[in-house]
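Novice: Dock chain F against the given chain X, drawing on the hints supplied.
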Amino acid sequence: MALAADGGDGMTDDVAVLGAGMHPWGKWGRSFVEYGTVAARAALADAGLDWRDVDSIVGADTVRGGYPGYVAGATFAKALGWQGARVTSVYAACASGAQAVGTARAQILAGLADVVLVVGADAAPKGFFRPAGGDRQDDPDWLRFRVLGATNPTYFGLYARRRMAVHGDSLEDFAQVKVKNAAAGALNPNARYRKVVTAEDVAASAVVADPLRLLDICATSDGAAALVLCGMDFARRHGVPDPVRIRAVSTVTPTYPNTVLDLPDIATDSAVAVEPAGVGFRASIARAAYEEAGIGPDELSLAEVYDLSTALELQWYEDLGLCGEGEAAKLLREGATAPGGRIPVNSSGGLASFGEAVPAQAIAQVCELTWQLRGTAGDRQVAGARAGITANQGLFGHGSSVIAVR
Amino acid sequence: MSRTRTPVVADWFTGEGEDFRLLGTRCSACASVFFPCEDSFCRNPGCAGGELVAAPLSRRGRVWSYTDSRYRPPAPYVSDPELPWQPYTLIAVELAAERLVVLGQAVPGTSVDDLEVGMEVEVVPGVLDEDGDTTWTTWHWRPTGVTA
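Those protein sequences? They're chains X and F, same order as listed. Read in order, the letters of the first sequence correspond to residues 1097 to 1502 in the working numbering. Read in order, the letters of the second sequence correspond to residues 3 to 150 in the working numbering.
Accuracy of the hints is not assured; some may be wrong.
[To be verified] Chain F residues, not near chain X, derived (Cβ > 10 Å throughout):
| # | residue |
| --- | --- |
| 1 | Ser4 |
| 2 | Asn46 |
| 3 | Thr69 |
| 4 | Leu85 |
| 5 | Val109 |
| 6 | Glu122 |
[To be verified] Chain X regions said to be covered by chain F (calculated; three or more residues, Cβ under 8 Å):
| # | stretch |
| --- | --- |
| 7 | 1223-1231 |
| 8 | 1258-1268 |
| 9 | 1347-1360 |
| 10 | 1366-1375 |
Hints listed in this document are in silico derivations from the structure and should not be mistaken for laboratory results. Think of the CB as a built atom: it goes at the ideal place given N, C-alpha and C, for glycine as much as any other residue.
So that you can see chain X by itself, here it is in the shape it has in the complex:
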């Protein structure tokens, strides 16, 4: 079921990206509110709009702001100066940003708002992410730490070892993902890590969760990203007849039985009663986006994927349909996903260069698509970029994928 971009009656299912902005990623030691406000102001300036022109603000929540599920939308609205906008706050772990974009799009397409500001920001703690405190035996996230000490990197280690056993991926393949992404990040002024990394550097870094080393695993960062979205008519009236357009937002859940062990679960669903669908959860996230956009992987110019680990980037190649199952390392070795290749992946530098700022990250992926599709990505520009996809997965079963075109 593909949604036509223009049904011929003047109606459209696209929304325009009028502005994109970021606060650079790093460890800055300040409040997430400040980062988000910087990104929001940058996106508004990029859009050529005043904050008071915004009808609705959607905040992607951080859980680290001193209040569980921090009410981000209103917090940013207050920091920008109360002006009465409609407010929404969303939380979906790593997929929060996609939910914020999806919410903004729905409001625009439903005619509830002309212009929506989307903001996500985080100030990440040092070290491993950890669950909220207390004795909470009804929380799977708390239980996996209490019972197993299963940090996020241990799940990444399980996936990486499984790929090595099933597909023959090597530690050198994983290292090459880091080398590629670090080279891209070195060209990105918003990235936290801007040094070239060699395969030897990766091999010399400490093992965190066998077989993955420190440089295979993304850091946790402070950062913020924001988008100004509007209807196509508004963009035209605003003097932007050919904006970057968001054509699909996939926020699907898994299909029972979900047979790949997923954070923060201790076990998968059982496939005893129901035969699993041919497509796993990650692939179903991309499939929903492709169907909604009416385009396929062959039509993409670039992809921004969630490289929580180097091995996971390879997994996404297959789940996005950039290659067949088990062929990701071959695609990487051929240089297809490097700058200048057939389908550059993580031209931004990815999480390898940014580190994860949870509620901001999926929004940052869309910022990168926006700059690439406008042709304003500077030294990391993908030549002739016309269509891009973002992909990501949030804890507990939150799909996240956005397709943008120009």
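Specialist: Chain F in isolation, oriented as in the chain X frame:
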């Protein structure tokens, strides 16, 4: 001083020695198995719903994947910060009869070098940690010596 042996989570496992089992539930209508237990509703969306009854899981399975934790995990994992960190191994095990994968720690002394994907392991009772008057018990996976 003798400590009381208490499961780290109530009702996730049962029995001693050869009778030790992980404890799930099974839907009496569609036969779906759930671990950790579902007690109220079957999660199969195509199932009209049946009574959920206790279902001890298979003792033996095959290694789906494995890893280890070279750095001390944060709380609520319990470890003595005064002692040097001892990495432990985690194994994800595929149970053929239940068609699901269950994570667990390996028995102490099992390193990633001892493991291969596809290797057979069995569930055994283990100790997670101890405090004042309580020994917190858990389950561990132990290689049976049968390889892939």
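Novice: Now tell me if each hint is right for this structure.
Specialist: Hints, one by one, checked against the model:
1. Ser4: holds (24 Å)
2. Asn46: violated (6 Å)
3. Thr69: Its Cβ does come within 10 Å of chain X, the nearest being 3 Å, so this is violated.
4. Leu85: holds (15 Å)
5. Val109: holds (14 Å)
6. Glu122: Label holds. Min Cβ-Cβ 15 Å, cutoff 10 Å.
7. 1223-1231: That given contact holds, which follows from 6 residues of the stretch 1223-1231 of chain X lying within Cβ reach (below 8 Å) of chain F.
8. 1258-1268: n = 3 at 8 Å, threshold three: holds.
9. 1347-1360: holds (count 4)
10. 1366-1375: holds (count 5)
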